[in-house]
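S.K.: Sequence:
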Amino acid sequence: PACGACQREPPPFAATVCAFDYAFPWDRLIAEFKFRARPELARPLAERLLQALRQADAPRPDLLLAVPLAPARLAERGYNQAWELAREIARTLVLPADATLLQRPVDGAHQAQLTRDERRHNLRGAFMVDPRRRGELAGRHVAQVDAVMTTGAPLHEAAAVLRRAGAASVAAWVLARTPDD
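Quick note: the sequence shown uses the numbering used here, first residue 1, plus one each step.
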């Protein structure tokens with residue numbers, strides 16, 4: 001069943017699967033993974049998300065994508081943590097995964113420093129599908145992977161872009177979700 005917020009304003013994705021709340025001890029482990037150059041944590045963290053996917057009996061997508069980072073953020077971190085998770089999940093589930101179909105060519109303000117409304121505004125037009133490859137999404141069921149869902153703004157915006165490009169459905173698969181107060 002959908003939550004009250006999703007009933008009032010349905011998200012552009014079909015379903016969300018989350019492994020755990022973004023709280024102790026997971027918040028510290030994810031921070032290590034994202035901000036302290038610890039890509040080796042992708043495998044054990046992906047295992048937790050895989051467990052959640054199995055428990056949720058999540059439908060198998062045709063394609064797995066990662067929420068992309070903007071160029072400056074990617075250069076700063078040295079890797080996209082969402083792609084590291086997506087690769088591990090794709091390998092385990094034997095799913096096609098793609099790191100370049102969905103792109104984030106524009107650098108914006110760092111999301112962590114923004115309010116919910118500012119995050120949504122900051123992401124308008126931030127994502128795009130590679131124009132030479134739009135046909136690859138036609139009628140396909142896509143799951144997009146991200147490490148943390150705080151407001152959901154990046155997942156919402158990316159899913160909307162994927163749906164406009166022809167994806168039949170988009171699911172959001174996230175390691176952690178910030179609990180509602």
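Among these hints, one or two may not hold up.
For lysine to aspartate or glutamate, the following EDC-like pairs were computed, each having C-alpha atoms within a straight-line distance of at most 20 Å [unchecked claim]: (1) K34 <-> E47; (2) K34 <-> E88; (3) K34 <-> D62; (4) K34 <-> D21.
Please keep in mind that the hints were generated in silico from the structure rather than gathered at the bench.
Predicted, not measured: the structure shown is a model, and the values here were computed from it.
S.K.: So, for every hint listed, does it hold in this structure?
M.R.: The hints, checked one at a time:
Restraint check for K34 and E47: the C-alpha separation of about 17 Å stays at or below 20 Å, so the hint holds. Our distance criterion of 20 Å between C-alpha atoms is met by K34 and E88, whose separation comes to about 16 Å. Restraint check for K34 and D62: not satisfied, since their Cα atoms lie roughly 27 Å apart, outside the 20 Å limit. In summary, the hint linking K34 to D21 is supported, as the alpha carbons are separated by about 16 Å, within the 20 Å threshold.
Comparing the model with each earlier hint shows a violation of hint 3 alone; every other hint is respected.
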